[in-house]
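S.K.: If you want the building blocks of each chain, they are given just below.
There are 2 protein chains.
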Amino acid sequence: MSGTHLEDFAVGEVIESAESYEMTPERIEAYATEFDPQPIHIDAARATDGFFGGIIASGWHTLSVTMRLMVRAELFAGAPVIGVGVDDLRYLAPVRPGDVLKAKAQVTEIRPSSSRTDRGYLVLRVTTMRQDGTPVITQAWTVLVPRRPA
Amino acid sequence: MSGTHLEDFAVGEVIESAESYEMTPERIEAYATEFDPQPIHIDAARATDGFFGGIIASGWHTLSVTMRLMVRAELFAGAPVIGVGVDDLRYLAPVRPGDVLKAKAQVTEIRPSSSRTDRGYLVLRVTTMRQDGTPVITQAWTVLVPRRPA
Chain A
1 MSGTHLEDFA VGEVIESAES YEMTPERIEA YATEFDPQPI HIDAARATDG FFGGIIASGW
61 HTLSVTMRLM VRAELFAGAP VIGVGVDDLR YLAPVRPGDV LKAKAQVTEI RPSSSRTDRG
121 YLVLRVTTMR QDGTPVITQA WTVLVPRRPA
Chain B
1 MSGTHLEDFA VGEVIESAES YEMTPERIEA YATEFDPQPI HIDAARATDG FFGGIIASGW
61 HTLSVTMRLM VRAELFAGAP VIGVGVDDLR YLAPVRPGDV LKAKAQVTEI RPSSSRTDRG
121 YLVLRVTTMR QDGTPVITQA WTVLVPRRPA
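Note that the protein sequences, when read in sequence, are chains A and B.
Quick note: the first sequence uses this note's numbering, first residue 1, plus one each step.
Quick note: the second sequence uses this note's numbering, first residue 1, plus one each step.
Read the hints as simulated data drawn from the structure, not as lab findings.
Predicted model only: the values in this text are computed from it and were never measured.
There is no bait here: all hints are sound.
One copy or two, either will do: identical chains are not told apart, so a pair holds if it fits within one copy or between any two.
Here are the computed lysine to any residue pairs in the SDA-like style, where the Cα-Cα straight-line distance is at most 25 Å: (1) 102 - 85; (2) 104 - 130; (3) 104 - 39; (4) 104 - 87; (5) 104 - 37; (6) 104 - 142; (7) 104 - 33; (8) 104 - 147; (9) 102 - 30; (10) 104 - 88.
Looking at chain A on its own, in the form it has when it is part of the complex (with noise of 0.2 Å):
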């Protein structure tokens, strides 16, 4: 799966990331040091004693790795992801020092806009695994995507 425009696509297509991100200790701690400065993601005496029992990468963390990840497949085949939405976001498992992440967008709506013969909208669903395959997020993305001149 990969297109530039509404047309593209299909429902039910799966484009999974190429690349993989490993959740390094460094890594978590800088991310969390600046967007996320809560002891679970930064302060391992104190993450032990928590509800976890020890480090986890923050959510925000996990989500940027996401979109990482699916900018690197080249989702539209380099066009601009411009979002729209973000619904049914879960957090399932945690992610901790190590972990290594791939993420995969299966589409589950094409949606041509009703207002504007130019566009439309896709929602995908967006999962981001470990390396087990064990999913840790889930969520459905909705972007706008240009429609060919008919």
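Here the structure of chain A is known, so what remains is to put chain B in place on it, guided by the hints.
M.R.: Frame of chain A, contents of chain B only:
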């Protein structure tokens, strides 16, 4: 609004970020280079010809900053923010270099767990705003919060 247990909150309460966060060109480029390497975020010449007429911040960057602002606001008085999910996230307006972001969260629902008496869920409507008050992203967070022993 601030508290560590479900009983500390009431529907309608609002917490606002005390800090703000400037989306400098350097921060926009650094985040996007790592997590969202699309020309619209990192290539001024190509961004000028694109959908938004210039560089805009990655939506995931604005979302990451939103988490920072809410963590710094001590949403749960320093207790961890354990995310369950995100719904109804909408990108409303672009964030451009130099914009300064703030955020606020309003409690819209308080729901004790049906299976565990020691916990419950808060639903928060989170809004991220530019310096002129324009909302740029809205979303609904569902977070896990402990209950006090009866």
